[in-house]
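Asks: First residue of the sequence shown: 1, per the numbering used here; consecutive thereafter.
Read the hints as simulated data drawn from the structure, not as lab findings. Here the structure is a predicted model, which is why all the values come from computation and not from measurement. For each residue, glycine too, the CB sits at the ideal point set by N, CA and C. Errors might be hidden in some of the hints.
Unchecked claim - Pairs of lysine-lysine, DSS-like flavour, derived with a Cα cap of 25 Å: (1) K248 - K275; (2) K206 - K248; (3) K206 - K188; (4) K190 - K275; (5) K251 - K283; (6) K180 - K276; (7) K283 - K188; (8) K248 - K279; (9) K206 - K283; (10) K206 - K279; (11) K178 - K279; (12) K276 - K251; (13) K190 - K279; (14) K188 - K178; (15) K248 - K276; (16) K178 - K50; (17) K50 - K180.
What the hints assert, rightly or not - With beta-carbon atoms standing in for the labels, derived distance ranges: (18) R198 - Q56: 45 to 53 Å; (19) L185 - R70: 47 to 55 Å; (20) D112 - N54: 28 to 36 Å; (21) P208 - A133: 19 to 27 Å; (22) Q56 - E226: 18 to 26 Å; (23) R198 - W328: 44 to 52 Å; (24) E114 - W328: 34 to 42 Å; (25) L185 - Q227: 28 to 36 Å; (26) S213 - K276: 20 to 28 Å; (27) V65 - P203: 18 to 26 Å; (28) A133 - R268: 32 to 40 Å; (29) Q245 - N54: 29 to 37 Å.
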Amino acid sequence: MKTFCLAIAVWHSIKLRHITIRKYCIVAAIVSALVSFSSTEIEARPEILKLEINNQTHLTYRRYVSDNPRGLILYLHGISSHSGWYIQSGEIFAENGYTVYAPDRRGSGMNDYERGHLQDYLDLIADMDAFIARMRADFPGLPIYIFGLSWGGKQALLYDSLRPNEFAGVILSCPGIKPKIDLSLWNKLKVLLYFWRRREVQPEIKIPISDASLFTDNVRWQNWIEQDPYTLRRATARFYWESHQMDKVLKREVRDGQSPVLLQLAGRDEIVNNKKTQKFIDKLVGKRGKRDVEVLMYEDARHTLEFEDNLPEVMRDILEWLDRHNRW
């Protein structure tokens with residue numbers, strides 16, 4: 001019955017569109033992937049690996065290998081989340097021809113060293129350089145796409161700005177470029193007072209999006225988030241300072257590029273300011289209007305599309321967009 005209901009939901013989401021063999025296969029793969037998950041927990045399907053950065057730091061990542069890959073995806077999670085939040089979509093990408101590399105950001109997820117800390121945002125740039133090199137070595141010649149969710153969307157767009165034309169496409173899911181929620185004035189003062197001090201004496205400040213209901217209305221997923229030991233709930237003053245530096249650099253460095261952009265927004269998002277985000281993304285089109293930017297709004301969805309009932313529709317839209325822009 002669960003499989004049948006999910007299949008009906010997916011069919012309902014596409015019934016008004018022209019159905020091709022490719023779309024039918026995509027829908028079938030999405031249904032197959034989604035119904036394979038337990039109703040009470042996530043089954044750890046991907047490979048869990050470590051990548052050495054600069055001969056000293058080791059970052060954990062999940063890899064989903066497609067049997068017949070046509071492209072690669074560097075998958076970046078949000079400020080509180082980690083790669084384990086996105087196993088459903090990782091499986092769907094792999095089943096549809098895209099091998100996924102989903103790192104846990106340094107200091108988050110399964111990376112215990114200096115948890116919640118970021119000494120320099122350029123460390124994140126170096127981390128992504130290392131992952132891109134690893135991906136190219138593992139699968140030479142395949143196009144690479146970068147996919148950033150929430151805070152990871154800011155990270156993805158910054159990297160695309162600093163490494164123009166590195167990617168075949170950029171996918172942004174409710175990116176944390178223009179948030180609705182911010183630190184309190186008191187916590188901002190803490191950041192200013194402590195960001196320059198050594199890690200050991202910096203206060204760990206609560207991440208202001210700790211309420212699981214901000215991510216999804218789905219009670220099962222809310223409970224999962226609340227019980228998840230790897231979800232990041234606090235970060236250092238230095239982390240917030242470096243995040244602010246990323247905002248300033250992104251505002252200054254965002255430029256025209258060649259890579260197409262897919263922006264997905266949730267209509268009921270209480271974390272991201274959709275209007276300001278779309279206005280910011282519109283700048284990517286440039287004065288000459290040459291950059292391909294597509295915006296999709298999911299009116300009834302909350303911030304984390306991964307946990308919403310319309311995930312099949314969301315994934316279908318991404319896969320169709322990838323197919324349109326994949327020249328492999």
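Asks: Each hint needs a verdict: does it hold in this structure or not?
Replies: Going down the list of hints, with the structure as the test:
1. K248 - K275: holds (19 Å)
2. K206 - K248: holds (22 Å)
3. K206 - K188: holds (12 Å)
4. K190 - K275: Between K190 and K275 the Cα gap is close to 30 Å, so the pair fails against 25 Å, i.e. violated.
5. K251 - K283: holds (10 Å)
6. K180 - K276: The hint holds at about 10 Å.
7. K283 - K188: Roughly 29 Å separates the two Cα atoms, so the pair is violated.
8. K248 - K279: holds (16 Å)
9. K206 - K283: Status violated; Cα separation ~32 Å.
10. K206 - K279: Violated, at about 29 Å.
11. K178 - K279: Holds, at roughly 10 Å.
12. K276 - K251: Judged against 25 Å, a Cα distance of about 13 Å means the pair holds.
13. K190 - K279: With a Cα-Cα distance of about 31 Å, the restraint between K190 and K279 is violated, given a limit of 25 Å.
14. K188 - K178: holds (17 Å)
15. K248 - K276: Between K248 and K276 the Cα gap is close to 16 Å, so the pair holds against 25 Å.
16. K178 - K50: violated (32 Å)
17. K50 - K180: Roughly 34 Å between the alpha carbons, so the hint for K50 and K180 is violated.
18. R198 - Q56: 45 to 53 Å: At roughly 18 Å between Cβ atoms, Q56 and R198 fall outside 45 to 53 Å, so the hint is violated.
19. L185 - R70: 47 to 55 Å: Taking Cβ atoms as reference, L185 and R70 lie about 49 Å apart, which means the hint holds.
20. D112 - N54: 28 to 36 Å: violated (18 Å)
21. P208 - A133: 19 to 27 Å: 35 Å Cβ-Cβ, so the 19 to 27 Å window is violated.
22. Q56 - E226: 18 to 26 Å: Distance hint for Q56, E226 is violated at roughly 34 Å.
23. R198 - W328: 44 to 52 Å: holds (48 Å)
24. E114 - W328: 34 to 42 Å: For E114 and W328 the Cβ distance comes to about 38 Å; the hint holds.
25. L185 - Q227: 28 to 36 Å: holds (32 Å)
26. S213 - K276: 20 to 28 Å: holds (22 Å)
27. V65 - P203: 18 to 26 Å: This hint is violated: roughly 41 Å between Cβ atoms.
28. A133 - R268: 32 to 40 Å: holds (39 Å)
29. Q245 - N54: 29 to 37 Å: violated (21 Å)
Consistency note: the structure conflicts with the earlier hints numbered 4, 7, 9, 10, 13, 16, 17, 18, 20, 21, 22, 27 and 29.
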